[in-house]
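**Student:** Protein chains in written order, with the working numbering: chain P, 1 to 400; chain W, 1001 to 1295.
The set of hints was computed from the structure by calculation and includes no laboratory data.
Treat each hint with caution, since some may be false.
When the alpha-carbon atoms are kept at most 25 Å apart in a straight line, the in silico SDA-like pairs for lysine to any residue are as follows [stated by the list, open to error]: (1) P:K363 to W:R1136; (2) P:K191 to W:F1266; (3) P:K369 to W:P1287; (4) P:K376 to P:P365; (5) P:K247 to W:Y1122; (6) P:K62 to P:P365.
Derived coverage of chain P by chain W (criterion: at least 3 residues anywhere in the stretch with Cβ under 8 Å from a Cβ of chain W; other residues may be distant) [unchecked claim]: (7) 34-44; (8) 186-199; (9) 214-227; (10) 231-239; (11) 261-269.
All C-beta atoms in this analysis are idealised placements derived from N, C-alpha and C, irrespective of residue type, glycine included.
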Amino acid sequence: MKTTALLLGTALAALAAGAAQAQTSVKVGVMNDRSGLYADLSGEGSVIAARMAVEDFKAAEKGIKVEIVSADHQNKPDVGSTIARQWYDQDGVDAILDVPTSSVALAVNQITKEKNKIHINSGAASSDLTGKACSPNTIHWTYDTYALAQGTGGAMVKAGGDSWFFMTADYAFGHALERDTGAIVTKNGGKVVGAVRTPFPGTDFSSFLLQAQASKAKVIGLANAGGDTINSIKQAGEFGITSAGQKLAGLLVFITDVHALGLQTAQGLVLTEAFYWDNNDGTRAWSERFAKANGGKKPSMVQAGVYSGMLHYLKAIEAAKSKDATAVMAKMKELPTDDPLFGKGSVRADGRKMHDMYLFEVKKPSESKGPWDYYKQVAVLKADDAFKPLSESECPLVKK
Amino acid sequence: MFELLGIPPQALFGQLLLGLINGSFYAILSLGLAVIFGLLNIINFTHGAQYMMGAFVAWMCLNYLGVNYWAALVLAPVLVGFTGVIIERLFLSRIAHLDHLYGLLLTFGLALIIQGLFRNSYGSSGLPYQIPDALRGGQNLGFMFLPTYRAWVVVASLAVCLATWFMIEKTKLGAYLRAATENATLTQAFGINVPLLVTLTYGFGVALAAFAGVLAAPIYSVNPNMGADLIIVVFAVVVIGGMGSIMGAIVTGFSLGLVEGLTKVFYPEASATVIFIIMVLVLLVKPAGLFGRAT
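Bound conformation, chain P alone:
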């Protein structure tokens, strides 16, 4: 009896709250790799992150009803395009989040523009998303190849690594990363002595490593990600490449990769990330909640970016009092961003989300207190230094 009364009361209260505010219902699609080599760094974890954002924003209390759907793009642009079209045309999805794998992201970017919806990309790397392929409907949230190049590339050249050989994953992302890093290396007075394009995804990199070794470059730049990077680093150790004095630059290494490699193999690696769970009290508290929901695994920067992007999207809907793509995009670019994971920031005209990036070094096994205690912070790159300045932008949206 008591429970019924209580339930009735709650229902009435909910009704009253609903009546007080106009209901907006939005449907958000989290599209990423749920079964392949990027599933651990995005996958279900990104969906969890998006749900946490809805919870923390208290969307229901603010009259915004959020539904989250998810799909596996299998790292294939054709699969991703089909899902995006179906979501926008038939399922009434308003925004697509995450989308790792640059080739898929570029396809979704294009479709989102055609359909005038919203794409908040956290997972993909190619700086083309805010460069020549930029769109009024896309925000590139977490990181990009330019920032990775600035961070890791810049730091390696300054430390004396002035000749580079690239091992490049043979698709949009690898090409963009090689191009951006090559430019930074040359700008800082170094030179690129060669590159090899490796089929994606690959298993055996020893042959390419041997070519890199023969090039006598001081630094071997790994313009790849996920399983490719893990295999390259593992095998570089095996073939004595690192002990012979050549340095490896993991241009895109996620914490999940370090976890998979183990500190014994990964120690000393310098890498650039936008987020590390052990950065401050805010990130630690959030990451603990996340890990509870994600089988004990700490969040990657991609998953953190999905949370942060989703939060800002909801804020913009609240401010615009509508879910109209043009109005919401305008609000997202107008309002400053602020959350415990990335701190204060902003969204630029070209769709680039601005925040600081961090240069980390992987700890030695003796320095680590346990699983997921992997990084030492080496430097902080201010947002304006990390990302490509608007004055050099190729994006047609930028007025010069």
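Given chain P, put chain W in place with the hints provided.
**Tutor:** Below, chain W without anything else, positioned relative to chain P:
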């Protein structure tokens, strides 16, 4: 110093040697497939998943039971081979009289289930597995640095391949096997337990895959997809060598490793496809495969 097509000979030797190492994996995996196809007429699509299971069991042995690499090299094939025996008894024996296609679909489905289960429990980015201490380091051969572990991979897989070939072609047990392949009913009439032979053969083929998995664990990323990436290439190797030919599988495995190694030097972008190009060419000229008999 002379150069061949712009590549110094030292680099070429190095790449050939690497090709041989990769070829060892192809050889050992395609050998297992050929053995299974020869006797059971089953195109075993679960092979990649079983290779992956071998690597995972090695990892589990180390992390849960404290069993080292050397023991895992024996234990993992036995354990995974035993799961193969169960699969044969539960599923494959029931569809033995049906068309190839049923076996193919069944084993493919099983592979997806096994991979899914492992992905659910262990994630997709992989697990660390270190090279055993005794095989760390390497030799400088002048033209390249050869890690001891890679040399061990070539030696171990050559030994296993040749032992398998010897067992099938030169021993009494092998003679029974070959007889059962030719005519199962007649062989059974001589008092040989053919169903048992079939079960054990499948178990053995699976154990070979698991053995390759343990060999791969320290050098490749141990993840649920490791077999799926490799198995397609291995199938091409079997097709090129000729379905069911034991020696064919071994020789083709090693030589395609070499071809792939060379492609990685001259035109790396094509190294993932070169084996399939060869497959197409071989099928055009010799549809039964290089070592296969036309039936």
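**Student:** Are the hints correct? Go through all of them and say.
**Tutor:** To see whether the hints hold, each was checked on the structure:
1. P:K363 to W:R1136: Holds, because 22 Å separates the two Cα atoms, which is no more than 25 Å.
2. P:K191 to W:F1266: holds, 23 Å
3. P:K369 to W:P1287: violated, 59 Å
4. P:K376 to P:P365: Given pair P:K376, P:P365 holds - Cα atoms ~12 Å apart, limit 25 Å.
5. P:K247 to W:Y1122: violated, 31 Å
6. P:K62 to P:P365: violated, 47 Å
7. 34-44: holds (count 8)
8. 186-199: n = 4 at 8 Å, threshold three: holds.
9. 214-227: holds (count 3)
10. 231-239: holds (count 5)
11. 261-269: holds (count 4)
Checked against the numbered hints given earlier, this structure breaks hints 3, 5 and 6; the rest are met.
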